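Student: From just these sequences and the hints, can you work out the full model?
Respectively, the protein sequence lines represent chains A and B. Count the first sequence with the working numbering and you get residues 1 to 316, in order. Count the second sequence with the working numbering and you get residues 1001 to 1341, in order.
Just so you know, not all the hints are guaranteed correct.
[What the hints assert, rightly or not] What the simulated footprint calls covered on chain B by chain A, stretch by stretch (three residues with Cβ under 8 Å from a Cβ of chain A suffice, anywhere in the stretch; the number is not a length):
(1) 1107-1119
(2) 1223-1235
(3) 1265-1271
[To be verified] Far from chain A, by Cβ distances over 10 Å, these chain B residues were calculated:
(4) A1004
(5) Q1009
(6) A1017
(7) A1061
(8) L1083
(9) Q1090
(10) A1122
(11) P1158
(12) L1165
(13) I1168
(14) N1255
[Said to hold, decoys possible] Residues from chain B shown here face chain A by an in silico Cβ test under 7 Å; the list is partial:
(15) T1156
(16) V1161
(17) N1173
(18) I1277
Hints are computed from structural coordinates only; laboratory data are not their basis. Fair warning: this is a prediction, and the values are worked out from it, not measured in the lab. Don't be surprised by glycine CBs; every beta carbon is placed ideally from N, CA and C.
Residues per chain, in single letters:
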Amino acid sequence: MFTQTSNVPDPTVREKVERGFERRIYAPAAILVNDWRGFVGSVILLGFVLMGTVGIYVVPRPTVMEGPIFVPPFTDWDFPLGTGVMGESLFKQVVHATPAMLQMITAGALLSVVLGTVIGTVAGYRGGRTDSVLMMLTDTVLTIPGLVLIIVLATIYQPENPFVVGLILGIDNWPRLARTIRSQVLSIREEAFTEASRIMGLSDVHILRRDVVSNLMPYISVNFANSARRIIFESVALYFLGILPQSQLNWGVMMDDAYTNANLTNLNQIHWLLVPMALIILLSLGFILLAQGLDRVFNVRLRARHEKSASGGETS
Amino acid sequence: MYYAKRIGQSVLVFFTALTVTFALYRMLPFGPVEMVKVQLMKQLLEQGQSPSAQQMRTINAMVKTYTGIDPSVPWYVSYYEYLRNIVLYQDFGRSIFKNKPVFDILYRAMPWSVFISIYGLALGTTVSLLFGAVMAYNEGSKFDTVMTFISIGNSTVPYYVVAILTLIIFSYNLGWFPSGGRMNPSTTPGLNLPFIVGIVKHAALPVFSAFVASFGGALAFRGNCIREMGEGYIRVARLRGISQGRIAIRYVGRNALLPVYTSIMMGIASVFGSSIILETIFNYPAMGLVTFNALMNRDYPLIMGSFIFFTIVTLLGILIADLTYGVIDPRVKGGNERETY
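Tutor: Set out below in structure tokens:
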């Protein structure tokens, strides 16, 4: 009865690629851009990426005394964001600090997302002893005050490379994600479709990849954005306090300079401090909005509700 | 059984933290001990001398005075001594820079850190849970929209930016609050009004910033409340004529609290951790500022000691939260009956 197979032609490589592109890249991107949060978030992040890649070649490096000191922002278009006490253009400083920030965020967020996902899924899916060992490890790292550990590590080893800084900052982030992922996996593994795959005798790797991880994507993407935001916050704080080496141009270093060198009661100098702060806020806003937009992309229930409300609630 | 397991786990975490600090301090290449040693050796070689056994001993002695660790002793012996001193005698070594026992320095500073952190955390958690619940009950109202915006704004702005800005506005410009210290120096410590007012004034801005740092569960709690409110048993409860207030607190609130509980617990860890940043900004002499100064002076015994202290405080906080959590969630006492694949 089941021996008969229909003769569907195998898709050619080209068709496969096209179909894959449509399903994996085009459709999610369309949903993302249609949601205003996803759109604004992507635009902000794209702007920062452009600033960090193209911008550093277009905008020359900041030099000392290239302009008058304490030019307020948005007045002189040679210095769009104004200047500090040394007459350096704040705009140029901001642009040239971006690549290091982006490298740090990428390294740290990737580390925490990969570690968190792998440990969370394996622990939740395998259960038993593997679970207890992995969760013990997670709980231990979770309980140790991560920021203190990071600060101690950063002081002892004085990392200069932004990737290394990112990795150190990522240490604190993965246990949270591992915990959430594990509890999600616990409910997914009881679902009917996982049960079905198991009865069909599909391999663990297959079940983990197709059934479990694909259902976790909303959490993973949202957490990528969240860890990115935490890494921005923490790194800027550590640079601001002077705990990380000040050799590199960074928004935290800029804040530190402004905080120590500007007259904080003088409104004409305070912009020096506010510019890097505004950038941190803008960048993390981008990540948060993107996370919420991605939530729409991956969360089928939300998407269905979204579409239903858009079409006037007639398709019920 | 659950409690025993939980306490046992905390003890385990404590020893892991001790081991991590020891390893950081002692074992890793480019760790402080190694660094000092290499530096001294280099000086000697630059003077054109090759280190003899005699000179190695002087180097080791110098390393010992700089770091409080004798490099000639094998690591397992010093590991054992390190654990023994801390567990049995509460001896964390001596601060190199202040030349006082690390334990005394930290023990004096700790209550102040706990003071501002606990207030900030308690305020932040209570307010965000309250707001979350009110937002859920008035879903779609103006209050809901405004608060959602504020919550998102709160998660975009780092707490230390809030700290710096409040410091600039209320302390440097308006002069309402002091910009550093933890008590008014012209008052006599004790139970008198000027002294207490001084303490409150000094703590106000740090507590506010800690509050901002721990305010953030509102949106998550709102979502959980909304989800619970759609469940069938709530409708059944309504049909049974149970009062609105009871449904709101006992049915919705309690069940919606469970998922955000983990994030509250993790809030404890991060609030104590962030006190280094806050206390440095506010120049508030407590554990965080002591740690920061130790970091700047490379006072390793003090750094390691304060790391262990922070871990202990966090562990205790989480343990207390966890043990009292059984009151809210009866399931925590035994939920390990899952089948394994």
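Student: Please go over all the hints and tell whether each is borne out by the structure.
Tutor: Structure-based check of each hint:
A stretch counts as covered by a chain when three or more of its residues have a beta carbon under 8 Å from one of that chain; for the stretch 1107-1119 of chain B and chain A the count is 0, and the coverage is violated. Judged by the Cβ-Cβ criterion of 8 Å, the stretch 1223-1235 of chain B is not covered by chain A as claimed, because only 0 of its residues qualify and three are needed. Closer than 8 Å: that is the beta-carbon criterion, and the stretch 1265-1271 of chain B has 3 residues meeting it against chain A, so the requirement of 3 holds. Taking the minimum C-beta to C-beta distance to chain A, about 15 Å, the non-interface status of A1004 of chain B holds against the 10 Å cut.
Distance check for Q1009 of chain B against chain A: the nearest CB is about 7 Å away, which does not clear 10 Å, and the non-interface claim fails. Not every CB of chain A is more than 10 Å from the CB of A1017 of chain B (nearest about 5 Å), against its label as outside the interface. Against chain A, the non-interface label of A1061 of chain B holds: every CB pair exceeds 10 Å, the least being about 23 Å. Distance check for L1083 of chain B against chain A: the nearest CB is about 17 Å away, which clears 10 Å, and the non-interface claim stands.
Every C-beta of chain A lies more than 10 Å from that of Q1090 of chain B, the closest at about 20 Å, which supports listing it as non-interface. Here A1122 of chain B stays apart from chain A, with its beta-carbon at least about 18 Å from theirs, past the 10 Å limit. A Cβ of chain A approaches the Cβ of P1158 of chain B within 10 Å, the least distance being about 4 Å, so the stated non-interface status is violated. Listed as outside the interface, L1165 of chain B is inconsistent with that label: its C-beta sits roughly 8 Å from the nearest C-beta of chain A, within the 10 Å cut-off.
Its closest Cβ contact with chain A, about 5 Å, brings I1168 of chain B to no more than 10 Å, contrary to its assignment away from the interface. At roughly 15 Å from the closest C-beta of chain A, the C-beta of N1255 of chain B stays outside 10 Å, upholding its exclusion from the interface. Proximity of T1156 of chain B to chain A holds as hinted, the smallest CB-CB distance being about 5 Å (cut-off 7 Å). Checking V1161 of chain B against chain A: minimum C-beta separation of about 5 Å stays under 7 Å; hint holds.
Annotation: interface hint on N1173 of chain B holds; nearest CB of chain A at approximately 5 Å, less than 7 Å. The interface hint given for I1277 of chain B holds, since its Cβ lies 5 Å from the closest Cβ of chain A, which is under the 7 Å cut-off.
When each numbered hint is compared with the structure, violations occur for hints 1, 2, 5, 6, 11, 12, 13.
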